[in-house]
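Asker: Those protein sequence lines, which keep their order, are chains A and B.
Taking my numbering, the leading residue of the first sequence gets 1, the next gets one more, and so forth.
Taking my numbering, the leading residue of the second sequence gets 1, the next gets one more, and so forth.
Calculated from the structure, these hints are not laboratory results.
It is possible that part of the hints are untrue.
[Said to hold, decoys possible] The calculated lysine-lysine pairs, modelled on DSS-like cross-linking and capped at a C-alpha distance of 30 Å, are:
no., chain 1, residue 1, chain 2, residue 2
1, A, Lys380, B, Lys181
2, A, Lys180, A, Lys417
3, A, Lys60, A, Lys19
4, A, Lys241, A, Lys380
5, A, Lys241, A, Lys261
6, A, Lys154, A, Lys241
7, A, Lys154, A, Lys60
8, B, Lys27, A, Lys180
9, A, Lys380, A, Lys181
10, A, Lys180, A, Lys380
11, B, Lys181, A, Lys181
12, A, Lys180, B, Lys181
13, B, Lys65, A, Lys181
14, A, Lys380, A, Lys19
15, A, Lys261, A, Lys380
16, B, Lys182, A, Lys380
17, A, Lys19, A, Lys261
18, A, Lys154, A, Lys19
19, A, Lys241, A, Lys60
20, A, Lys180, A, Lys60
21, B, Lys27, B, Lys65
22, A, Lys19, B, Lys115
23, A, Lys19, B, Lys65
24, A, Lys165, A, Lys19
[Unchecked claim] Calculated Cβ distances over 12 Å to all of chain A for the following chain B residues:
no., residue
25, Glu17
26, Glu25
27, Gly29
28, Arg98
29, Thr111
30, Ser154
31, Leu162
32, Ala172
33, Thr192
[Unchecked claim] Quick list of simulated restraints, FRET-style, between CB atoms:
no., chain 1, residue 1, chain 2, residue 2, range
34, B, Thr156, A, Ile430, 41 to 49 Å
35, B, Lys181, A, Glu22, 21 to 29 Å
36, B, Lys181, A, Ala109, 46 to 54 Å
Where is the CB? At the ideal position from N, CA and C, for every residue including glycine.
Letter by letter, the chains look like this.
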Amino acid sequence: MDAPQNLEYFPTLSEDGRKMLEFLREHPAAPIYRNQSGNRLLAEEVESLRHFEREVRAAKVGWPCNGLPDWLEDFVATTWQEVPYYRALGSQPRRFADIPTVRRADLAADIARFVPDSVAIDRLINFRTTGTSGNPLLIASHPLVAGRYLAFHKRALARFGIELKHGRGQVGVVLLGVQKKCFTYVSVTPLMDESGLAKINLHPDDWRQPDDRVTYLEALAPEVIAGDPISFAEILNLPVKLQSRALLSVGMMLSAGLRAKLEERFACPVLDLYSLNEVGPVGVFDVAAGGHVLLQNRLFIEILDPEGQPVATGERGEITLTGGFNFCLPLLRYRTGDYAALAFGSDAPVLIGLAGRQPVRFRTTNGDWINNIDVTHALKPLPLAQYGLHQNADSSLVLRLGHNSLAQAEAAHGLLKPLFGDLQLQVEAITGEDKILQYTSDLEHGAKSTTSFRCRDSRGYGVP
Amino acid sequence: MERPGPQLEHLTHRLAETPPDFLDEPKIGNTGTVFVPALVNDLLYRLGGRAPADVLERFRGREAKADRNRLSLSMIAVWLLADEWFAGEPFAQADVLRVLDETASELAAATPARKFVEDPDRREELARVALSRLGLRPAGETEAQATDRLSALSGTERRRLLEASRAAEARARAIREALIKKQAEESADKWTRE
């Protein structure tokens, strides 16, 4: 990468930071990095992030039971005034509970309508969901928003007694993926004195030698490893020796069994974060609290029934969000499609029995297992508004398509064939559902998606 | 506009004093509190008739995006036409329904309903449009004066709304384009990826 490019991706890069990037890219065992990205933070934004981090660290998270947080009124008024989607609904309702809820489908229909008038367009970035929990969605964001994630990670880590230490000349975090096609890059984190960041793909295709994965990870010696349950399951297969201080799991439900294995193997806490592209890290699982303890001081959570009415405290319903730190996407009563009960813990509200994303693997003709993200990538070229894939117990597949996508069935079949081989594939139309479970499997070893699961909680808050 | 109606100031004052009940949330599905078909039916009864059930169906809210603002304005229009001045007038029910339904929908398409209570120009516009649709003109004005004033008021507002709508569409398009540029697609790093 030349100097002008460095300036674009890393506006505040120092000589030490440049050396770190060089180390990450040019290590003899480094993977083939497929992409470029960076922190993109301007000097004044780094300063504002320091302030933000202090504020998040000191903030009390929560609101009165059966009440509303004190910041909510101003937030709703500003959002209603500045966001075209809400303005188009008419005058701002006088009661918070009368604000119409929005869903993922509303965001997917036209994300531009949710971006406030005051947001400058020139530095917009996007985050795309992988489609593991619903259908692909493009989220409007900003480098400052991406930088703010770390404040909530630090708050979550502090709950488990961990203060991050790695700085200049060290690697702060390695983000793991394991997909046939994965967005990979290196970066540095200005708020951690330019500690290194590497987003890597454990799939052997991204490495010169499969053994390089172990050599490289050990050379990086990251303080934190981030990934999802599938990539963590993969790293367990590698004879890698690391002294990382924490593992951060996001994106899918982490089973108690896998967490235990990871904790035993890496001798450090494994934090299961409930995090959404739409609003960032929402909560961190804490067995002592009985669920996912909320992390954000300006995120209000309601639990709603199917009719959109708040349920009684302690009852299960759909997690519905207002607020958040993404100033490009301020949300009012956003129904996530995830389910839990809300309890008021001693220091912050807690989501009990969270039912959300579960990894799903599919078996191919030759008996190999592939990740559902590979299916997402394979079908990406097609303009599918909504689809689902189910694998029957006999390994045959059912591709579910929205009515307006049925014409794409043959093309979809063609794109899935290289992944699955000659497995029988039947096409069905999706009828009358807002959000379907995108990936499901009847096979014993495929993680079966269900609408609820037993909470990994020793105190018996579990959902039958 | 062939017949003289009430004083314009009387109507705009009435709009400014719209009671909170008429500014409450229209019932849409399971949200909101005011069942607008019942409100409309009460007004029609007050004006000397009842509407068939199928006509009132138009005032039943089904979806916030499509119905909330127009029904909110229908409620305000009900309050306006519930003024005593209108009680003795021989209106055709179809004309009254036109004000409550079509006129409310047209005006609500781009303006929040509460503006027709809070903003003096919009109060005047609603009062004048309602009178015009009922074949009335403000007391003390000639037909030509009433027509001129209404078209000036509505014309200015329509132009303003058209410009605002064009600007909003241009910005939405610019955002959509910005979000799929290389720089946006490359995003920025964060310590976890959902």
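Asker: Regarding the assertion that Ala172(B) does not contact chain A, is the least Cβ-Cβ distance greater than 12 Å?
Answerer: Incorrect as stated: the minimum Cβ-Cβ distance to chain A is 4 Å, not above 12 Å.
Asker: Compute the least Cβ-Cβ separation between Thr192(B) and chain A, then decide whether it is above 12 Å.
Answerer: violated, 5 Å
Asker: Can you confirm whether the C-alpha distance between Lys180(A) and Lys60(A) stays at or below 30 Å?
Answerer: violated, 42 Å
Asker: Mind verifying the non-interface call on Leu162(B)? Its CB should be farther than 12 Å from each CB in chain A.
Answerer: holds, 15 Å
Asker: Verify the proposed pairing of Lys261(A) with Lys380(A), using a straight-line Cα cut of 30 Å.
Answerer: Given pair Lys261(A), Lys380(A) is violated - Cα atoms ~34 Å apart, limit 30 Å.
Asker: Within 30 Å, alpha carbon to alpha carbon, are Lys182(B) and Lys380(A)?
Answerer: Measuring from Cα to Cα gives roughly 17 Å; hence the hint holds.
Asker: Against the 30 Å threshold, does the CA-CA distance of Lys181(B) and Lys181(A) hold or violate the hint?
Answerer: holds, 20 Å
Asker: Can we trust that Arg98(B) is non-interface, i.e. its beta-carbon lies farther than 12 Å from all of chain A?
Answerer: Correct as stated: the minimum Cβ-Cβ distance to chain A is 21 Å, above 12 Å.
Asker: Given the range 21 to 29 Å, decide if the beta-carbon distance of Lys181(B) to Glu22(A) lies inside it.
Answerer: Once the Cβ atoms are compared, 28 Å apart, the range 21 to 29 Å for Glu22(A) and Lys181(B) holds.
Asker: Thr156(B) and Ile430(A), beta-carbon distance inside 41 to 49 Å?
Answerer: holds, 47 Å
Asker: Within a Cα-Cα threshold of 30 Å, do Lys154(A) and Lys241(A) meet the stated pairing?
Answerer: Judged against 30 Å, a Cα distance of about 24 Å means the pair holds.
Asker: Is the Cα-Cα distance between Lys180(A) and Lys380(A) 30 Å or less?
Answerer: With a Cα-Cα distance of about 13 Å, the restraint between Lys180(A) and Lys380(A) holds, given a limit of 30 Å.
The earlier numbered hints that this structure contradicts are 3, 4, 8, 13, 14, 15, 17, 19, 20, 22, 23, 26, 27, 29, 32, 33 and 36.
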